[in-house]
Amino acid sequence: MTVMGPHTATEPTLFERSRPGRRASELASVDVDDVDLAAALDGVELAEQPPALPEIAELDLLRHFTRMSQRNHGIDAGFYPLGSCSMKYNPRIAERVAALRGFAAAHPWAPASAVQGTLGALWELERWLTELTGLHAATLQPAAGAQGELVGLLLIRAYHEHRDEDRDTIIIPDSAHGTNPASATIAGFETVTVPSGDDGLVDVDALEKLVDDRTAGLMLTNPNTLGLFEMEIERIAAAVHDAGGLLYYDGANFNAIAGRVRPGDMGFDVVHLNVHKTFATPHGGGGPGAGPVVVSEVLAPYLPTPVVIADDGPQPAYHLEWDRPRSIGRVHGFHGNTGVLLRALSYLQRHGGDGLASMSAKAVLNANYLAHRTSGTLPLAYPQHPPMHEFVLRGTAVREHGVRVLDVCKRLIDLGYHPPTNYFPLIVDEALMIEPTETETPETLDGFAAALDRAVSDAADDADLLHDAPVTTPVRRLDEAKAARELVLRWVADDDA
Amino acid sequence: MADYAPHTAADITRMLDEVGHTHLDDLFAHIPEQVRVASTLDLPPGRSEDEVLGTLARLAAHNRTDLVCFAGGGAYDHYVPAVVDAVLQRGELLTSYTPYQPEVSQGILQILFEFQTMICELTGLPIANASLYDGASAVAEAAAMACSATRRSRLAVSAGVDAPTRSVVGTYAHPLRRAVDKLAVDEVTGRTAVVDVGDDVAAVIVSQPNSLGVVEDLRAHADAAHAAGALLVVKLEPTAVGLVATPGAQGADIVVGDGQPLGQGLQFGGPTVGFLACTRPHVRRLPGRVVGQTVDAEGRRGYVMTLRTREQDIRRERATSNICTNQTLSAVAATVYLSWLGPQGLVELARGCLRRARVTADHLTALDGVSVAFSGPYLKEFALRVDGADLEMLVGGLCDDGYLVGPIIDDPTQQGAQLLMIAATERRTTADIAGLTAAFARQLDAQRPGGGGPTGPRSGAQPMTSVAER
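First to last, the protein sequences are chains H and D. When the letters of the first sequence are read in order and numbered with our numbering, they come out as residues 2 to 498. When the letters of the second sequence are read in order and numbered with our numbering, they come out as residues 338 to 807.
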């Protein structure tokens, strides 16, 4: 028999729980006149049988998903120091705001007069984002940071095309997020890599030699993906601008500087913001996010359509403007992830400008403190410059015990902590990238530092403890090679397999 | 000043002391002064939760929430069961991240595996991914897959694919110099004309049903596409398969769509969820995350993200797409919804919507000058032709009367003409339909010579959120 409980190792799938004829749904009773379906669908190839969806009662459905949640780590359950992901507390006010009936029930094609509240909220969010970035105009349409990257790059492409300039390369640091080169490629650019110096910052001498009349732009995050502020940013900006290129700001690390440094003031022409990171809307297991793009005045004509316009008049009124002849076109079937954007707005209103500056400072404080506490266990990869909101440890020392940082991470799970990001950035051997964020107490950071120290000393004392980890989870180490070799991407009944 | 940080003044002093600073501003001292914000930004101060909720609730109240929804255009007013919200608000699902550590992420991973299985069932194809942003970008991703598979760079997109989606396909195609041709729609049936496409075409792209509401003959399109060595890409409205055969059963190679009707609510169109399914030969061209089943060190069943080498964080500029964050929680909502609905529920839903749409059309077309624009079969949505009426005024007037219809779209078969889309979900009642019909009659009367004219303030004069092409 199958034992079902919150801690059984193997949870049946919904399909295994399914029993013919069982169901949860009851639809509104049909009070309209009957119609002849056969006549209505004359000439249509009808379904021979309905899709084999699970047949399950509502309580068992709820129990299934509750058990699924119990087998999942979230920020509500514990510390989540994933570098570059900004896993901080998600204030629940945001959920309540997004659920307000006026917002939740708004149809995307309703006349502007019927959705003034939503349009007003989006317009206000744009004002926050332009002020925080020091730029001019925004689109809220991109559904995630990477889609924002694509939009930003297409804006750069459109700008050069409009000026009849044939520029086809984007320069990207070797430490960059993988989305940067991927986005540049699908935006039709060739990518050129600029190396980082020994101190973890962009090698500006190398950059100055790389820029030329083919350079469309440079993609950079600042602080960079090593958690270090590019102090020569003005020289970097001058090099790219002097060559006729534009500067793209990857907003993944904006959490470190919000309210304190503005990308526009650093010389960036276009920015995407991951509102689900910086402004803490829930990550939902990997989305939905939203990736608004904010641009300088010269790039504004190319923004995706439509844009929210505030009408002149005694009363606040808004409409969507569609007629923008130089627009790159749309990237979303509707208007973007509005529910996520409303959560971000509520976060911004709660914090205010002063709260955001305070937030950044505490994010940086926590990272400096944790870097200080952990760098005795494993060395900082780049100790030459002070860390911002995240930092990278180099874990090569554990290799002499026959383990890798992946094993250290699995041991951390048994010690009660979600592991940091590992094997990123790619330029650091055995990298552990740690981002504590501002919403954690020093006690939590102390606990994590102690656990990391314990895991590393365990490597010396009993390497098998690390090789076998984790042992406290519903499943042990999973065979990823088998998953890729013998692809099983959907459930099939045993007798069909 | 609110920042949700837990630090006491003593904490801050002690932590700063430990890292060798005396003031929080010292942490930014190495940043060039010229780029640091000198004074306060032009932003309002922080406010209490109560104040923020009050402000935003007042703003939300500026939306019309009393409208009876007959609007469609890809977003439908289906009932979202309470159990969907109950699951989504589980903090361990709501506040988790991409499952990079599978041992502590089995919940999300198994749900996504179940989602993939359900998408395979709905599309009639054997492989599905773990979600994309939305239906429109899913079509663009499918087009990229087809270009990669065929090594061709021309796309034949039906004029019956909705305008926003065609615009998104164009946005993604332009930088890679992929040509986008438009396939005409038959002016009588509203179905996409089946034509011989050139042997340089990578994909024939149609919608099921199309943006005019009409059910396409997918088998004919599959045959035409395959004869030219092209793939058939179908953008599927997922509730359609409660009645009609799956696109996979009719020869589609890639099926994508928008999961808005599957428990997502309206939310001004987002977040929603894109889905993508394909035949086996294309599995390594999939964009985005994919979850696979495997075993753990003790032989127990478990789940991991797989085929990672396609993804941007590994393969970088040679990745199949740039997708990192996707729409996982929306995929969870779809999985809960489809479990709640079940196969019988899906059939009842699709039939119930069709009956209501038919009755709505029967009532509206009894009015003078109002006709269903095309003879082809439709499901829950249809296109109306309204002779001699200003559609924007009509929509605005109906809004004043408490009814939401639309969108207004360009008629692909008649230059300059416009059509009004009407959709009826399972939530619409006989009384709703009668009320809409009466309001429609009143608004048409008001617009026509000798009519009563508008009474009271009109919102119809305001710009309409119509679905324009780029």
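FYI, nobody ran anything at the bench for these hints, they're computed from the structure. Just so you know, these numbers come straight off a predicted model, no measurement behind them. It cannot be assumed that every hint is accurate.
Here are the simulated distance ranges between beta carbons [what the hints assert, rightly or not]:
#1 H/Q316 to D/A347: 42 to 52 Å
#2 H/L427 to D/A398: 17 to 27 Å
#3 D/T402 to H/Q316: 51 to 61 Å
#4 H/R215 to D/V525: 32 to 42 Å
#5 D/T616 to H/Q385: 37 to 47 Å
#6 H/Q385 to D/G391: 17 to 27 Å
#7 H/A29 to D/R617: 46 to 56 Å
#8 D/R645 to H/P21: 34 to 44 Å
#9 H/G377 to D/Y416: 40 to 50 Å
Computed cross-link-like contacts, SDA-like style, restricted to lysine to any residue with a CA-CA straight-line distance of at most 25 Å [stated by the list, open to error]:
#10 H/K483 to D/Y437
#11 H/K483 to D/Q751
#12 D/K519 to D/T487
#13 D/K519 to H/A159
#14 H/K483 to H/V493
#15 H/K483 to D/K519
#16 D/K519 to D/A726
#17 H/K483 to D/T487
#18 H/K210 to H/M232
Computed from the model, here is a short list of chain D residues facing chain H with C-beta under 10 Å [claimed, not checked]:
#19 G428
#20 D471
#21 V525
#22 V531
#23 E635
#24 Y715
We put the beta carbon where it would ideally sit given N, CA and C, even for glycine.
Status of the hints after comparison with the structure:
no. : hint                         : result
1   : H/Q316 to D/A347: 42 to 52 Å : holds, 49 Å
2   : H/L427 to D/A398: 17 to 27 Å : violated, 50 Å
3   : D/T402 to H/Q316: 51 to 61 Å : violated, 20 Å
4   : H/R215 to D/V525: 32 to 42 Å : violated, 52 Å
5   : D/T616 to H/Q385: 37 to 47 Å : violated, 53 Å
6   : H/Q385 to D/G391: 17 to 27 Å : violated, 49 Å
7   : H/A29 to D/R617: 46 to 56 Å  : violated, 40 Å
8   : D/R645 to H/P21: 34 to 44 Å  : holds, 37 Å
9   : H/G377 to D/Y416: 40 to 50 Å : violated, 58 Å
10  : H/K483 to D/Y437             : holds, 17 Å
11  : H/K483 to D/Q751             : violated, 56 Å
12  : D/K519 to D/T487             : holds, 19 Å
13  : D/K519 to H/A159             : holds, 23 Å
14  : H/K483 to H/V493             : holds, 17 Å
15  : H/K483 to D/K519             : violated, 44 Å
16  : D/K519 to D/A726             : violated, 28 Å
17  : H/K483 to D/T487             : violated, 29 Å
18  : H/K210 to H/M232             : holds, 19 Å
19  : G428                         : holds, 3 Å
20  : D471                         : holds, 5 Å
21  : V525                         : violated, 13 Å
22  : V531                         : violated, 14 Å
23  : E635                         : holds, 6 Å
24  : Y715                         : holds, 8 Å
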